[in-house]
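> Based on the provided sequences and hints, a complete structural model is requested.
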Amino acid sequence: MYLDLNEHIVNIVIRSLYVSGVASLLAFITAIVLCYYYSGRSRRSIDLIASIFEALVGVPTTIIGLLVYYLLYPNGPLGFMRLLYTPYAIIIGQFLVALPIAVVSLIRQFYNVRKRIRELILSLGLQSSRVEIILVLRELTPILASTYLLAFSRCIGELGVAMIAGGAIEGYTSVLTTTIAVQTSMGNFEEALVLGLVLISLTLLTAILIKSLSKILAGAFHYE
Amino acid sequence: MQSEKQVLIFISTTTSLYQVGLLDDLLSDFKNSSRINVEFKILVKGSGEALRLLVDGSSCIAFTHAPSLEKTYLEQGKIERLTIFAHNEFIIVGPRDDPANVSSADNAIDAFKRIFNAGVSGKVLFVSRSDLSGTHVRELMLWSLIGVKPHGNWYLRTGQGMTQTLLIADNLNAYTLVDEGTWRTLREQGKIRNLVELKRDPRLLINVYSVYLSKAPNCRENSILEVAYKLKEYLMTRGQELLEIKYRDKFRSVKDKIEQVIEAWSTLSNIIVVE
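Line by line, the protein sequences are chains A and B. For the first sequence, the working numbering begins at 1 and goes up steadily by one. For the second sequence, the working numbering begins at 1 and goes up steadily by one.
Calculated directly from the structure, the hints in this document are not laboratory data. A quick note: this is a predicted structure, and the numbers were derived from the prediction, not measured.
Just the calculated beta-carbon pair ranges, DEER-fashion:
#1 Leu213(A) - Asn32(B): 41 to 51 Å
#2 Arg193(B) - Leu217(A): 50 to 60 Å
#3 Arg193(B) - Val59(A): 37 to 47 Å
#4 Leu172(B) - Ala55(A): 34 to 44 Å
#5 Ile14(A) - Asp25(B): 22 to 32 Å
#6 Ile134(A) - Glu226(B): 58 to 68 Å
If you want the footprint, here are the derived chain A segments under chain B, 3+ residues with CB under 8 Å:
#7 73-81
#8 162-172
#9 183-190
To be clear about the criterion: a stretch of chain B counts as covered by chain A if any three or more of its residues have a C-beta under 8 Å from a C-beta of chain A, and this derived list gives those stretches:
#10 40-50
#11 56-70
#12 151-164
Quick reminder that beta carbons are idealized off the backbone N, C-alpha and C, glycines included.
This is the structure:
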């Protein structure tokens with residue numbers, strides 16, 4: 001099918017995958033570190049942290065886009081870095097979009113699993129925090145996979161940050177969602193529809209890929 | 001070959017110039033003919049936002065068509081004009097059967113009066129950009145010249161670009177104000193089914209496109225200034241030819257009549273818009 005876009009669709013897809021992939025990966029790793037760090041605390045503090053991040057999940061992506069814009073515009077606090085309207089601005093914003101949802105999805109699981117593992121380690125008389133980390137991560141593999149998936153889909157599907165902080169510059173910061181918005185506003189509904197289908201297929205494909213990967217990983221861990 | 005460092009310049013532009021394809025053509029022709037190693041990043045916004053980005057230094061060059069806004073920033077010393085480079089007209093378009101009888105109006109003010117009266121009595125709809133774009137600012141100017149503030153069920157605000165707004169108006173069989181370039185492009189693409197051109201007014205509805213340079217510190221680097229002044233020179237020479245050849249029916253060049261266009265610009269910029 002011929003698409004009347006100024007930029008090749010493959011470039012837009014690659015850029016979307018790169019930007020959202022990096023942003024969600026950073027958010028994912030940060031969430032793991034945060035959750036592991038806090039999982040040793042009491043039940044009450046876990047509940048408190050969880051509810052703070054649950055509230056943050058609801059912050060609209062446009063507001064996050066606006067925040068990133070404010071931080072990065074030339075007279076803003078971080079204006080000297082000259083990151084506004086670059087792919088890095090989108091990565092920063094999408095990182096903020098994905099972090100709360102990743103934390104929410106992990107924190108209680110981390111707490112429960114770590115408690116169980118600690119009892120196990122104590123009962124076996126082991127005294128190694130490295131063993132503890134490995135065991136916790138092993139137990140959590142399926143949840144880690146679905147958490148990354150959540151973070152990634154939220155990043156690749158969001159519009160507010162990419163539009164406001166990225167600026168939807170053709171060939172530089174335009175991603176799938178912004179191209180859909182721009183094409184629609186130019187009256188090119190057919191192009192927008194095709195891009196929409198591409199976006200949905202990408203999300204589904206990633207889901208299948210990560211799910212199967214997590215199955216393989218989980219299988220590799222259970223080697224008895 | 002020289003290995004000059006590539007200059008990167010952010011340009012903010014009004015939607016109409018971009019959506020019609022003129023800006024891309026001009027900039028790539030400029031790059032090819034001047035052989036300057038420059039990369040333009042284009043931010044497509046309404047004139048209001050395009051100028052705001054320019055003032056902040058988020059973009060260093062802006063293509064706009066909102067004289068009264070431009071004048072405000074010029075007077076504040078935040079931007080400088082490179083040149084006025086093209087003009088065309090805004091057109092009042094509306095349903096074929098023209099229930100407000102706009103086609104027999106004396107001028108744009110009379111036409112807007114008729115739309116207002118028919119709108120208030122529930123006979124017609126008007127679709128407004130409402131995004132502080134050049135087109136929207138002109139619409140506001142006309143309302144304030146009549147001394148009315150349109151609101152109510154008949155006055156629809158889209159907050160979107162010209163193409164989208166025109167398509168909405170076409171779907172609703174409503175009146176709207178549109179720039180000639182967008183109107184003709186969409187007509188040629190066969191996307192307009194219901195609306196027809198109803199009223200022109202060369203005096204009040206002349207649409208002047210200018211290029212501005214930011215005075216923000218990050219835009220005053222020599223490399224950027226050099227490109228900006230070369231671009232100005234290009235727009236007034238080769239760019240004018242490109243306009244006349246490829247976009248003759250959508251934009252008119254300012255060659256040989258720059259004084260009249262500047263005159264029209266200052267008349268327009270002096271009409272105070274009450275919002």
